[in-house]
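Q: The primary structure of each chain is shown beneath.
Protein chains: 2
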Amino acid sequence: MGLFLSTYINKIDAKGRVSVPSTFRASLSNESFQGIVLFKSHAHQALEGFPMSYMQNISDRLDHFDLLSEEQDSLAMSIFAESVQLPLDGDGRVVLPAALIEMGGLKDQAAFVGLGHKFQIWNPATLDARKSEAVKNVRAKKMTIPKFEGGQ
Amino acid sequence: MGLFLSTYINKIDAKGRVSVPSTFRASLSNESFQGIVLFKSHAHQALEGFPMSYMQNISDRLDHFDLLSEEQDSLAMSIFAESVQLPLDGDGRVVLPAALIEMGGLKDQAAFVGLGHKFQIWNPATLDARKSEAVKNVRAKKMTIPKFEGGQ
DNA sequence: TGGATATATATGGTATATCATGGAAAAACA
DNA sequence: TGTTTTTCCATGATATACCATATATATCCA
Chain A
1 MGLFLSTYIN KIDAKGRVSV PSTFRASLSN ESFQGIVLFK SHAHQALEGF PMSYMQNISD
61 RLDHFDLLSE EQDSLAMSIF AESVQLPLDG DGRVVLPAAL IEMGGLKDQA AFVGLGHKFQ
121 IWNPATLDAR KSEAVKNVRA KKMTIPKFEG GQ
Chain B
1 MGLFLSTYIN KIDAKGRVSV PSTFRASLSN ESFQGIVLFK SHAHQALEGF PMSYMQNISD
61 RLDHFDLLSE EQDSLAMSIF AESVQLPLDG DGRVVLPAAL IEMGGLKDQA AFVGLGHKFQ
121 IWNPATLDAR KSEAVKNVRA KKMTIPKFEG GQ
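In the order they appear, the protein sequences are chains A and B.
One point on numbering: in our numbering, the residue at position 64 of the first sequence is 64, and numbering is uninterrupted.
One point on numbering: in our numbering, the residue at position 63 of the second sequence is 63, and numbering is uninterrupted.
Derived from the structure by calculation, the hints contain no laboratory data.
Treat the hints with caution; some may be incorrect.
[Stated by the list, open to error] Partner residues are not named here, just some residues of chain B that face chain A (Cβ under 7 angstroms, in silico):
no.	residue
1	MET55
2	ILE58
3	SER59
4	ARG61
5	HIS64
6	SER74
7	ALA76
8	MET77
9	SER78
10	SER83
We put the CB at the ideal spot given by N, CA and C, even for glycine.
My request is simple: use the sequences and hints to build the entire structure.
A: And the structure:
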């Protein structure tokens with residue numbers, strides 16, 4: 001799978017249309033669904049973005065919890081029920097529904113932030129603060145990248 | 001994977017273009033993405049450079065954290081959000097974005113420093129100081145190379 | 001060994017294609 | 001038929017591909 005890297009700031013027009021960065025589109029080129037899946041972040045006023053194929057991965061992870069358990073039920077409800085799949089138009093744009101623009105705290109600009117297998121969409125004004133907070137967290141908790149354990 | 005060795009100093013032209021040393025390009029020849037990934041070093045005023053496959057590896061390792069967890073979120077943000085993937089042009093060059101030139105403290109020259117699986121890009125003027133500092137550290141703390149623990 | 005020729009590399013400049021974006025036409029919906 | 005949504009087209013800015021040259025390195029032959 002192609003990775004989502006870098007930060008790109010694009011304009012949201014009056015109809016809610018916004019260009020998905022071309023490098024992101026390139027990462028989606030092998031997807032059967034040509035578009036993205038978005039839902040509100042639980043931790044931030046921002047949107048989480050995934051390729052459709054990765055939603056399968058999320059679903060598999062939720063199987064870690066017992067079926068019908070409180071966790072499974074609540075997580076599934078907050079992620080799957082609230083997510084929307086947005087197809088790319090002929091020019092590489094998606095239309096953000098008004099509800100998502102609101103939930104993401106967006107105005108007339110969208111900052112697409114690559115995070116590897118996923119990405120986020122932020123209001124550019126609040127993104128910088130989050131970035132420095134992230135770096136601070138990594139330093140404070142001395143987070144490191146886990147050694148590869150094989151597996152999948 | 002081919003190793004990055006030695007130090008090469010190349011010119012940065014007015015458009016930010018710089019030749020990737022041919023030996024580095026040779027190390028990249030088996031990569032599916034013909035280019036490099038760069039991001040600002042957290043420790044120095046310099047740029048970290050990786051092949052795309054290595055970023056893929058980092059992303060896979062981050063999957064060991066819970067999805068949407070604080071750790072996963074902060075680490076991904078601090079690494080992937082600020083990294084850029086630069087394709088090689090037909091003549092073996094990449095264009096450095098102005099932001100990266102600034103962050104790396106570069107002017108009109110780039111020193112490519114091979115460091116094994118990765119490399120760094122320095123302003124030649126500040127690189128010498130860093131090199132002797134590194135040697136001093138190794139001697140003072142009597143650092144040695146750990147034994148191989150297996151893995152890939 | 002020496003010289004000439006070929007090959008690869010780094011670097012500079014120019015032309016072309018792509019991208020983001022705004023707007024209009026067409027289609028779908030109620 | 002009015003309204004919304006989707007598709008199509010135009011354009012300026014930007015980035016990418018293309019071509020040219022010089023310098024260094026390697027190869028070949030006398």
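Q: Each hint needs a verdict: does it hold in this structure or not?
A: How the hints compare with the structure:
1. A distance limit of 7 angstroms between C-beta atoms decides the matter here; for MET55/B the minimum to chain A is near 6 angstroms, and the interface restraint holds.
2. At about 6 angstroms, the closest approach between the beta carbon of ILE58/B and any beta carbon in chain A falls short of 7 angstroms, and the interface hint on this residue holds.
3. Hint status for SER59/B relative to chain A: holds, with the closest Cβ pair at about 4 angstroms, below 7 angstroms.
4. With a cut of 7 angstroms, the hint placing ARG61/B at the interface with chain A holds, because the nearest CB-to-CB distance is about 5 angstroms.
5. Annotation: interface hint on HIS64/B holds; nearest CB of chain A at approximately 5 angstroms, less than 7 angstroms.
6. Hint status for SER74/B: holds, given a least beta-carbon distance of 4 angstroms to chain A, under 7 angstroms.
7. Of the supplied interface hints, the one on ALA76/B holds, with its beta-carbon coming within about 4 angstroms of a beta-carbon of chain A, less than 7 angstroms.
8. The beta carbon of MET77/B is positioned within 7 angstroms of a beta carbon in chain A (closest approach about 4 angstroms), and the interface hint is therefore held.
9. At its closest, the beta carbon of SER78/B sits 5 angstroms from a beta carbon of chain A; the interface hint therefore holds under the 7 angstroms criterion.
10. With its C-beta approaching chain A no nearer than about 5 angstroms, SER83/B sits inside the 7 angstroms limit, and its interface hint holds.
Every hint, counting from the list given before, is met by this structure.
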